[in-house]
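Novice: Each of the two chains sits in its own frame; use the hints to bring them together as a complex.
Order-wise, the sequence lines are chains A and B.
Per my numbering, the first sequence runs over residues 22 to 314.
Per my numbering, the second sequence runs over residues 159 to 812.
Simulated from the structure, these hints should not be mistaken for lab results.
Certain hints may be false.
In silico SDA-like pairs for lysine to any residue, Cα to Cα no more than 20 Å straight-line [stated by the list, open to error]:
#1 529/B x 98/A
#2 186/A x 428/B
#3 724/B x 80/A
#4 724/B x 462/B
#5 94/A x 522/B
#6 369/B x 90/A
#7 807/B x 686/B
#8 732/B x 250/B
#9 724/B x 531/B
#10 529/B x 186/A
#11 527/B x 103/A
#12 89/A x 522/B
#13 527/B x 186/A
#14 725/B x 105/A
Spelled out from the first residue to the last, the chains are:
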Amino acid sequence: MKVNMKGTLLSFMGLGAILLAGCNDKLAVLDPKGPQAQRQADDTMLLIYLMSGIVLTVLAILVFMLVKYRASKQSPDYEPPHIHGHWLVETIMIGIPVIIVIFLSFVSVKSNYIVENVPQEYEDQEPLVIYASSSNWKWHFSYPEQGIETVNYLYIPAGRAIEFKLYSYGPITSFWIPQLGGQKYAMADMVTTLHLAADNPGEFWGRNANFSGRGTAENIFDVTALTQTEFDEWVTEVHETAAPLTEEKFDELLEPGHLGKQTYTGTHLEFSPAPEHNHESSDEEDEEDHSSH
Amino acid sequence: MSEFFAQFAVPHPSTLIYIAMASIVLGSIALVAIVTYFKLWGYLWREWITTVDHKKIGIMYLITALVMLFRGGVDAVMMRLQLAVPDNGFLDAQHYNEVFTTHGVVMILFMAMPFITFFFNFLVPLQIGARDVAFPRLNNLAFWLFFMGMGLFNISFIVGGSPDAGWTSYFPLADNEFSTSVGTNYYMLALQIAGLGTLMTGINFITTIMKMRAPGMTLFKMPMFTWSALIANLIIVFAFPVLTVALAMGTMDRLWDTKFFAIGDGGMDMLWANLFWVWGHPEVYILILPAFGIFSEVISTFARRNLYGYTSMVWSMILISVFSFAVWTHHFFTMGQGAFTNSIFSITTMAIAIPTGVKIFNWLFTLYKGKIVVTTPMLYALHFIPLFTLGGVTGVMLAMSAADYQYHNTMFLVAHFHNVIIPGVVYAMLAGLTFYWPKMFGFMLNERLGKATVWVMSIGFVLSFIPMYITGLDGQARRMYTYSDAAGFSTLNMVSFVGAGIMSVSFLMLVWNIWYSFKNSPRDIGSDPWDARGLEWATHTPIPHYNFAITPDVTDATSEAFWDSKKNGVKLFKGEIKDIHMPNNSGQTFILSVFFFIGGFALVFSMFTLAIISLIGILACMGYRSLEDDHGYHIHKEEVELIEKKYEKEGGAK
Chain A
22 MKVNMKGTLL SFMGLGAILL AGCNDKLAVL DPKGPQAQRQ ADDTMLLIYL
72 MSGIVLTVLA ILVFMLVKYR ASKQSPDYEP PHIHGHWLVE TIMIGIPVII
122 VIFLSFVSVK SNYIVENVPQ EYEDQEPLVI YASSSNWKWH FSYPEQGIET
172 VNYLYIPAGR AIEFKLYSYG PITSFWIPQL GGQKYAMADM VTTLHLAADN
222 PGEFWGRNAN FSGRGTAENI FDVTALTQTE FDEWVTEVHE TAAPLTEEKF
272 DELLEPGHLG KQTYTGTHLE FSPAPEHNHE SSDEEDEEDH SSH
Chain B
159 MSEFFAQFAV PHPSTLIYIA MASIVLGSIA LVAIVTYFKL WGYLWREWIT
209 TVDHKKIGIM YLITALVMLF RGGVDAVMMR LQLAVPDNGF LDAQHYNEVF
259 TTHGVVMILF MAMPFITFFF NFLVPLQIGA RDVAFPRLNN LAFWLFFMGM
309 GLFNISFIVG GSPDAGWTSY FPLADNEFST SVGTNYYMLA LQIAGLGTLM
359 TGINFITTIM KMRAPGMTLF KMPMFTWSAL IANLIIVFAF PVLTVALAMG
409 TMDRLWDTKF FAIGDGGMDM LWANLFWVWG HPEVYILILP AFGIFSEVIS
459 TFARRNLYGY TSMVWSMILI SVFSFAVWTH HFFTMGQGAF TNSIFSITTM
509 AIAIPTGVKI FNWLFTLYKG KIVVTTPMLY ALHFIPLFTL GGVTGVMLAM
559 SAADYQYHNT MFLVAHFHNV IIPGVVYAML AGLTFYWPKM FGFMLNERLG
609 KATVWVMSIG FVLSFIPMYI TGLDGQARRM YTYSDAAGFS TLNMVSFVGA
659 GIMSVSFLML VWNIWYSFKN SPRDIGSDPW DARGLEWATH TPIPHYNFAI
709 TPDVTDATSE AFWDSKKNGV KLFKGEIKDI HMPNNSGQTF ILSVFFFIGG
759 FALVFSMFTL AIISLIGILA CMGYRSLEDD HGYHIHKEEV ELIEKKYEKE
809 GGAK
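So here's chain B without its partners, still in its complex pose (with noise of 0.2 Å):
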């Protein structure tokens, strides 16, 4: 019986666990507490937990996405503190090894991936003048599997150990031979389920913006996050299935000894890496296309000028898809390959760079002749140029595989890639989420906050990161626990550090903006407070839960149908308010969900039997959702005209 238990004790028991144990507990006691005392039980199931409305799986996703930045960026800390000094003993090598090892999963896929699939839950459904997704279910499915992937991952450091292997789990290091505790049963089975999830995210919405689009909006009428939008869910139903196999594939490996990944009987440790960066580095596209599409909006509103170059635009982000899936080897340009092979990827590679540039452009000639308010959506906006460009052309370094030999595994490359995913893909969601905050909740975040937040962060991250490129060049290899003095690199490190806290302050501005915005911003701001062009804005604030009383038609308008109904009297809102039909909510697929998360803990630790039972429990619900009828409800015409006279009375601008 100890024997059992002991599987779910940590290998390395040290003080910062039982301190994260303790507060994890006494947490989620407090939030179980304060949920019953003010009897929000019912609310939650009602509103939250059940809904299908793409608005509030959003806000669900968001609310992820930030914990998890918390999450992540404590790991983040963690690391720089341990390596600020040389031979420093803040953290032992097992430990270090699974704070870089959760940060990177935790940061791309627990915090990057719902980040955007926020944005493409409350976003792409408004900009296209759709009242949901084409499955409105499937996407609260697909939400809750997300999340217990999340939850799954995140037990695993009080429970039975973290996964140890770094992001990219290469095996054989990731088999039972060389990582003994379960961290990475962990990483496969969470890696699975939210991954499943998100596979259920790209089909929704490929098929949500093929099929509900407005009238009249043809492909080159959407707005550019649409467009960013449908491309970045095209390469998640291309690359997903990958990692499903993979992991799937890494999962037999360590349960039942197959040999697919692991040395010996045939196995072949380069395959991992091959089918992980096959669905890797389209992975990168996933999250920095929509990054792209957030400036794109933002830019073209704080210009006051439409978009520059809007067919070149979207061309570029076609090219950069395709030629995402042809650029993977990069990765391992240093696994003996030869000079051919290496040459081939080393040239498509740097092919990336050349649509990404046309994209930096025309963002620079949306500018030309504009009229430039800088607010704090265009302030992430605008430190995003100059930095995302020299992480761009350090990419343009690492892709040159003779002297990638010199950068590969190195700080350098550490550094590259922060710079681009961090002024990339988190300043884009950061100015996406000051920028549709008042379309969210109704009131604006303060504006002199939001501004020095941004000034704080990227001061923060030019001490943090580009320290490493220079670390990189004299030596220093990444995930490296420690260094000796001798080495040379403590000061530069030490800056780091510093920059690290500056960073982290600048979340912290964050948090204190909201609140403080929380507690005194006004609320009479309109449905439009930053004069903006897209759809998204032509509804009321708060959106009613149908989106659109009528339709909107966008036949005569450009992209920018909100813009042209503003300033060239386009009209978006013909004919007369009908019935609207709408979807039921579902709580189906959140019990599912936990049958999954029940069902992934079990494999963790090789329980069988409550495997077996789990699988009866999601085919269960499978069954009866085969079987169940659902056909939605109305809202009468009379209820939704009486909605809209409130708002009308309300001051709401339409």
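Bound conformation, chain A alone (with noise of 0.2 Å):
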């Protein structure tokens, strides 16, 4: 069989295409809502150029080096010599391997700095704190400072940090909400923080991204971003309206299984903690987690 090297080179031409084609912005990461999913699509976009530009070269190389060096094009008494490496080919191949990486730890660095905290946007307000638990398999949605609590959808305010506390009422599960920001996982023996924000009004889906067993699959919720008067409706309202969560209740809402969207007033937090002795040890947090005991 005659190989095809322009053929090859065509396909994966045509892979490479496919790629940059599919990174539109319909995708849900490339299509962020919010400043963190905001640094993660860019550092996302930055990567794909980047790493196509990678690609693209080693497959220029081979192609060239196929070509021109085929023993079809070759004189039959052609003996290829002995080389052992040179010097400057080896610095140029390691060196630009080492420049890369140097450069994508920097903006890994400040990335990670920045997704860790509090939106530069927002810095200058209190970041409502929301503690979103999982158990098998539901999301359970704690507003300390209003005294609410959901289960399966989340009302958050458009233009305001949210410091989401995460744990967990049984296997681990990642909470991600891919249009306001990457995962983080909840765990049943720490809380974890994760900073999102939404810039404007707007409904989003949520998940648990971490396999958790049978109902992992449909281990889904709604967010819904409101502007800052109509989450305080949405408060009042619920107070007016919604049943208080009793212990018991909670209990019930623990069992496995799947449940619709609820709304409760109060939080189970005053009757069941979040397990805050975290571990987190580069968190500045956790100095005052641990003066707290």
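Specialist: Written out as structure tokens, the structure is:
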């Protein structure tokens, strides 16, 4: 079978094109609606361009070598030389990856500190704290400040930083709202903190992204970003209409299975507090937590 | 009594599982009948089960790996079929969970591991000019322990239920509270038994390579595959004990309700994740480094040139092995370890791209000024370079911790590691299989069919896995047995299913090729059909059980001793034929391994009396061995000369 090098080249180019075309602004991760997701989408696009460059370079060299040094293009008595290596070539081929990795390390570290902190745009105001805890296979959202608890849906004010406190009443789950920012684990024995914000009102979806047993696929929730006024109205409305969350009711909710959206006044934090003896070593809040013990 | 048998039942019986049960039972009956009919029991026992010959042990690993490739492949196709359309009812959630769990375990531990171990066994002694490995009987024991672990794992889905907590088996999901079938017991015990075998292999091959190289073969004259084997085995020896300990703790959590990882009473679920990945990430390099070794052999052979930058190749592998232990927490960037820790591990992870990049460029420059012949093994290597580069760069994307918050646990991640493992490990294994096939079996696989297989496989691969990058960025999380039409990934998942179908065709073509070539290929191929370069080609085909009649002396040669002897007239076989000392076969290792199997099975179902009986059996075997005198035997000079003459008459080149 004769190998068609041009065909190979074209098919790989096509592959690259599909990849790039796939990354249009419709994909959830590349359609960010908040500052943290924006940073992650920017990093992703930067990486896609840089990485496509590397793949295409390797491909170009490969095709060049294959076209130029095929046995069928050479005289039968040609004996390839014995080449050990060349210091300049080897320096370049070590040097370029080193430079790329150093550059990406700077970007990565900077992004880490951005994503792990209150979004810069909304630094001037106190973040809204929401406890998001998972149980098989539901999400419980507690708003301690507002004295409200919801199941499987979130209302958040747009234009304000949200500080999620994540933990689990069972296996490890991962709290993820792609358009607002990347995920973080919720575990039974510690509380993790995730900073997110929505720039404008809108509707998003979120899910548990970590496998946690039979019902994981349906372990999803809806997120609605409202204006501050609408959010306040919703809070008032809940206080007027919803039933209080009792300990018995909450134990019932924890039973394995799926539930629809539910709303309660009061939070489970009062009788079933979060495991806030957290082990995060590099978090500034860590010390505050320990001092409170 | 019925309660006793009830525990062996599958927790969620389905037609598919009944079909599997029936086919396993019928297959076993057929196999036993065939072996009995042809009176092969004695032959199997003498020539294979009890063998200490590294070549035969290698071939047994190869057969296991190929069978498991199909077992894991069927799992893969079932998953892609389930996800091909939204809201599909082909598999229920529990069954899907078991399928992806066993797919992961089978492909990594019972397909890829034995495949590389086949190459360690078959190639390393030949490449270093040795007659066998350092501890031949340990080698047999290592195989049988591995095999019994594999067997124990594979009976899980017809007796008691498969593990369902993912191949990473994260606690607390994997503890008794959330994973109620015995499936995870199988996981813990089968991996433990197979892992012990792997650890023995590691020790054996480090010793073999350090102590048994031919005269004149300094470390920097070793063929590249032997280097990769040495480093991979060093990683095995450092990494597998961590798995052993983690599995022992996990077993205690499940069988005796200790609380190492289970939640409550101070159990730490993160401890499992740490221990698992302290083993699990180096494991990735245990697989990929030998693959790099195979590609190095194949590329230099068919570029008809020496490997470019041999020294930098070696050092890059050494660096990769060191870095491989410094990156494990990137598997849980999202576990809330904070910006500082994530930054450190983000940088160490990306740093691995440097030595890996060096290797890619070394292979590219090996083509420079070469005389490239595109054979089937070479075609695998040529497809590997761009596909693996794509997998490598998406790995760098995942290493960017802040951005990884968006890729973690998604199909993007699934696409990445298949993009590394399939073109990296699987292509290397198949390239090596095709390359060394004539050395093992004395005939070549069909080239036309072989090349067509590579193309079909690559097309199938691209269609299966590239769509996953896109659905991952669109929010498709992994390990989800279904999704709704509204999610919008239906088309790409269908493409992926079609790709999986095409890949399956390529594997069937491989089987067909083996059958077709067995029937039709010429048998007069000599001992060096590829015009190859390494010492492994300097002996006859088929390889005599003593490998080399005279130990080769490679003092005057480079790392490509056989090439030097062909082209530059370097004399490899100096001196004359002497008596050759060989080890005896042994059946104890097999019996010992059977006790391990019974003991493992007993523990899965908490049948402690049986477990204690098999423990006594294990100790008895070990006691017997420690009192046994076994000095091996000699093949006399005259006999060797006779065999060598026979080869010369039949035209086997030397």
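Novice: Taking the hints in turn, state whether each one holds.
Specialist: Hints versus structure:
1. At roughly 10 Å between alpha-carbon atoms, residue 529/B and residue 98/A fall within 20 Å of each other, so this suggested pair holds.
2. A distance of roughly 18 Å separates the Cα atoms of residue 186/A and residue 428/B; the hinted pair therefore holds under the 20 Å criterion.
3. A hinted pair counts as satisfied when its Cα atoms are at most 20 Å apart, and residue 724/B with residue 80/A does not qualify at roughly 34 Å.
4. Note on residue 724/B and residue 462/B: the hinted pairing holds, with a Cα-Cα distance of about 13 Å set against a maximum of 20 Å.
5. Under the criterion of a C-alpha separation no larger than 20 Å, the hint pairing residue 94/A with residue 522/B is consistent with the structure, at around 18 Å.
6. Straight-line distance between C-alpha atoms of residue 369/B and residue 90/A comes to about 40 Å, which puts the hinted pair past the 20 Å bound.
7. With a CA separation close to 17 Å, the supplied pair residue 807/B and residue 686/B stays within the 20 Å bound.
8. Note on residue 732/B and residue 250/B: the hinted pairing is violated, with a Cα-Cα distance of about 66 Å set against a maximum of 20 Å.
9. Straight-line distance between C-alpha atoms of residue 724/B and residue 531/B comes to about 19 Å, which keeps the hinted pair within the 20 Å bound.
10. Proximity of residue 529/B to residue 186/A is assessed by CA-CA distance (about 62 Å); at most 20 Å being required, the pair is judged violated.
11. Distance check on the hinted pair: residue 527/B and residue 103/A sit about 10 Å apart at the alpha-carbon level, within 20 Å; holds.
12. With a C-alpha separation of about 12 Å, the suggested pair residue 89/A and residue 522/B falls inside the 20 Å cut-off, and the hint holds.
13. This hinted pair does not check out: residue 527/B and residue 186/A have alpha carbons roughly 60 Å apart, beyond 20 Å.
14. Of the pairs offered as hints, the one joining residue 725/B and residue 105/A holds, with about 17 Å between alpha carbons and a cut-off of 20 Å not exceeded.
When each numbered hint is compared with the structure, violations occur for hints 3, 6, 8, 10, 13.
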